[in-house]
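Q: Take a look at the letters that make up each chain.
Protein chains: 2
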Amino acid sequence: MKPNFSLRLRVFNLNCWGIPYLSKHRCDRMKRLGDFLNMESFDLALLEEVWSEQDFQFLRQKLSFSYPDAHYFRSGIIGSGLCVFSKHPIQEIIQHVYTLNGYPYMIHHGDWFCGKAVGLLVFHLSGLVLNAYITHLHAEYSRQKDIYLAHRVAQAWELAQFIHHTSKKADVVLLCGDLNMHPKDLGCCLLKEWTGLHDAYLETQDFKGFEEGYTMVPENYYVSRQDLGPFPSGIRIDYVLYKAVSGFYISCKTLKSTTGHGPYNGTPLSDHEALMATLCVRHSPLQQNPSFIHGPAGRLPLISVLREAWTELGLGIAQARWWAAFAGNVIGVGLLLLVLLCVLAAEEGAREVAILLWTPNVGLVLGAGAVYLFHMQEAKGLCRVQTELQHVLGREREAQDLSSEAQLALLLGQMGDRAEDQ
Amino acid sequence: MKPNFSLRLRVFNLNCWGIPYLSKHRCDRMKRLGDFLNMESFDLALLEEVWSEQDFQFLRQKLSFSYPDAHYFRSGIIGSGLCVFSKHPIQEIIQHVYTLNGYPYMIHHGDWFCGKAVGLLVFHLSGLVLNAYITHLHAEYSRQKDIYLAHRVAQAWELAQFIHHTSKKADVVLLCGDLNMHPKDLGCCLLKEWTGLHDAYLETQDFKGFEEGYTMVPENYYVSRQDLGPFPSGIRIDYVLYKAVSGFYISCKTLKSTTGHGPYNGTPLSDHEALMATLCVRHSPLQQNPSFIHGPAGRLPLISVLREAWTELGLGIAQARWWAAFAGNVIGVGLLLLVLLCVLAAEEGAREVAILLWTPNVGLVLGAGAVYLFHMQEAKGLCRVQTELQHVLGREREAQDLSSEAQLALLLGQMGDRAEDQ
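In order, the protein sequences belong to chains A and B.
Be aware that the first sequence starts at 2, since it is given in the working numbering, and climbs by one per residue.
Be aware that the second sequence starts at 2, since it is given in the working numbering, and climbs by one per residue.
Excised from the complex, chain A in its bound form (with noise of 0.2 Å):
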C-alpha cells in the first residue's frame, strides 16, 4: 500500500420501518428507498427492520447493478430484520444473537420475537481491511419505567466484546444501526468506551441535518407524539461510528440525514431518518495504545461506567430472582390446588367442579414453570455478563497500579537525574 494511500468510504444507514401489514406505505416506501440507492450509488448501504425477506430479495434485485453484493442477516422467529447492500464483494460473514432480547410474554412489543442480533461483514478494499458490523437493539418503550434496561445495557456489553473481539485484526472498523439509546446513556457509553469507536455526528465538521442529529423527529409524517415521549423535539438513537486500528487515520468529511421528509422532500422513507456518511481513511503513523499516552485518568471514564453497568445488571438480576421466586410460589400453590382438587374428585359433592378445574390448574402449573425457567436463564445471562465486566474491572485497575506505579517510577527517576545535574 502506498504511504499517500487514501480511500473514501460513503455509507448509507436507516432503520426502514418495514413491519408486514403493519407499517404504512411499506411497499411504496421500499421502492423508494431502492431508487434512491440506486441513484445515490453508496460503497455500503445498511439497513435495519427490514422485517419481511420479500422485501429483501425485492430490493436485492431492484440494486443488483449498483450493489452487486447484498447479505440478509436471519435470526429467532421473525428476523433480526438487518441487511446489507454493498457495492464491493464482501469476503466473510458472521453474525452474534444476543443472548437477552426481552421477555416472550410481552407478545405487544414483539422484540423477544425478532432474535435481535449484530451482523459482520469483512471487506478487502485496496488491501484495507474492513470491519462493518449492523444491529438493531431492544426498544425503549418507556424511558420512566424501562423494563428493558438491564437487557439494553447486556446487548451493549455483548455488542462490544463481539466487535473487541473480532476486529483485532481489522484496519477499520464501521458500526451502523439503530442502538435505541440516545448518545450518554449507559450502554452507548460502555460500548464507545469498550471498543474505542467515535461518533459521526461528534467528530464530522461538515454535518447538515436536524438540530443535536436527531434520527426520529416530530415532523416526520410517520412519528406520533407518543413515540417521542419525554422529548418532543427529537431523539438520536441511530448511529454510524467508526474507527481506525493501527498504521490508518479516519475522518468523518460529512454527515447527513435526512430531516422528516424523504431524501428529496415529499413523504419520508420511514420513521426514522436516514443518515448519509462520507468516511475517509488515510495512512497514519503508528500510534501509541491511547490509554498509555493518557496514562491512568485515560482509563477512569471506562471505570467508572463498567461500574455503572454492573450496578444496572445487578438491579436486572434482582428483578429476574424476583420474577422467578413469584412463579416458583405459583407453582407450588397450583401444585397443592391440584392435590386438592384430586380430593374434591374423589367425594361425591364437588366432582364436576374438581374435573372442570383441573385442566386449567395443570395449565397455570406449567405456565408458571415456563414463566420460572425463562427468569432463571435471564438471571444465569444477566450474571455472566456482570462476571465479564467484573473480571475487565478487575484488569483495568490492575493496568491503572501499575501505570501509576511506571509513572511514579520515571518521575523518581527524573528527579533523580535533575540532582545528578546540580
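Bear in mind the hints are in silico, worked out from the structure with no lab data behind them.
Among the clues, some could well be false.
The list makes no distinction among identical chains, and a pair is therefore deemed to hold if it is satisfied within one copy or across any two copies.
The calculated lysine-lysine pairs, modelled on DSS-like cross-linking and capped at a C-alpha distance of 25 Å, are [what the hints assert, rightly or not]:
# : residue 1 : residue 2
1 : 63        : 185
2 : 244       : 170
3 : 169       : 244
4 : 88        : 254
Note that the coordinates shown come from a computational prediction; the quantities given were computed from them, not determined experimentally.
We have chain A; now place chain B onto it with these hints.
A: Positioned in the frame of chain A, the structure of chain B alone reads:
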C-alpha cells in the same frame, strides 16, 4: 521475543460427568479430580459437564494455590457446564451460545436446557497470545437415527466461525472439549478444514492411552454397553486440537489419556477419559498460506466438506419445516374444534362435555403454537448457517478459479521462456 523462544504448555481436559443427584460418586470424583490437578499442576485444566456451580466453587477453592485464575461459563437455564482453571492470569473472556441446541420438549435428553456454548479465554504467555477455547456440543443419543445431526453440524460451523473470527491476532489457538463427534464425522471435518486445527492424537509421536485414542471405553466402571451403541470397543469424542497462526510452530510432544481407571488407577474420575497433552511452541520462519502452497487441489477437501454440510443442513431444514407445518395443521384442527365446542356449548345436550373439553383444547392450540414457533426458528437458524456455507463455497470456488488461472499463466510463461531459449 528471542529467536530461540520456546514454550511448554501442559493441558488437561475432562468431561467430568457432574450431574447433581444423577451422576454416581460425584462429590468423591470432584474431590479426587481436585487432588490430581493440584498434584500435576498443569498450565490449563479445561473441564466440561461441571453442571453445578457449587462443584466449580469447590474446585476453585481447592485449586486456588496451583491455579490462581479460573472461570465458569454461565449459559442457558442449567449452565454450559464449561469451566477453566489456569496457572496463568486470564486476560480476556468471551463466550458464544450456540443458536441451535436440540428441542425443549426432549426433556429426557436435556441438552436444550444447558445452553451449550463455546468459551474463549485469552492469555499472554511470555509475549505470546494464546486463545484457549473450550466447548461441549450436543450429544448423540442414537447413531442410527440421529435427530440432532443438523444441529450438531450447525454447532460445529458456529464453533469454527467463532474461532476463525476471534483468533485472527492470536499466535496459538487451542481447542479442548467434548465434541460428541467421531474423528471422521462431518462436523469434525468441517471444524478442522475451516479452522486449520490439528488433532493432538493424530499429530503426536508419543501417545499413551487406549487404542485409537478412545475417550469412552467399556473398561470404565461408569460406562454401560448402551452408552457405546454400535462401537463396543470404544469411541473418541473428546479432543485436544491446536494450531499456531503465524511466525510460530506448535507440536504435541506427548498425549496421555486415562484408560478406564483413575490417573493412578482405582475408580475413574468420570465416564469419559481424561486427556493430558504437552504442547511445545517455538519460533518459526513465516510461512505462506497453505492453500497457496497446495494450489487449487488444497482447497478440495474444504469444498467437499462444505458441500456435504450444506446438504445435511438442507435435510434438517426440510425436517424443521415439516414439523412446523404439522404443528400448523394441529393449530388449525384445534381452532376448528374450539368453534365446534362453542356451538355445542350453546345447545343443551352436550354443554357439560363441551365446557370440559374447552380448556384442554385451548392448551392443545397453545402447545402446537409453541411447537410451530420453535420449528420456524429452527428452520431460520439452519437456513442462516446454510447461507454462510454457501457464501464460503462461492468464495472458495472463486479462489480456486483464480489459483488455476495463475497456475496456467505460470505454465504458459514457462513454456514461452523455454521456446525463447530454444
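Q: Are any of the numbered hints broken by this structure? If so, which, sorted upward?
A: As far as the earlier hints go, only 1 is violated by this structure.
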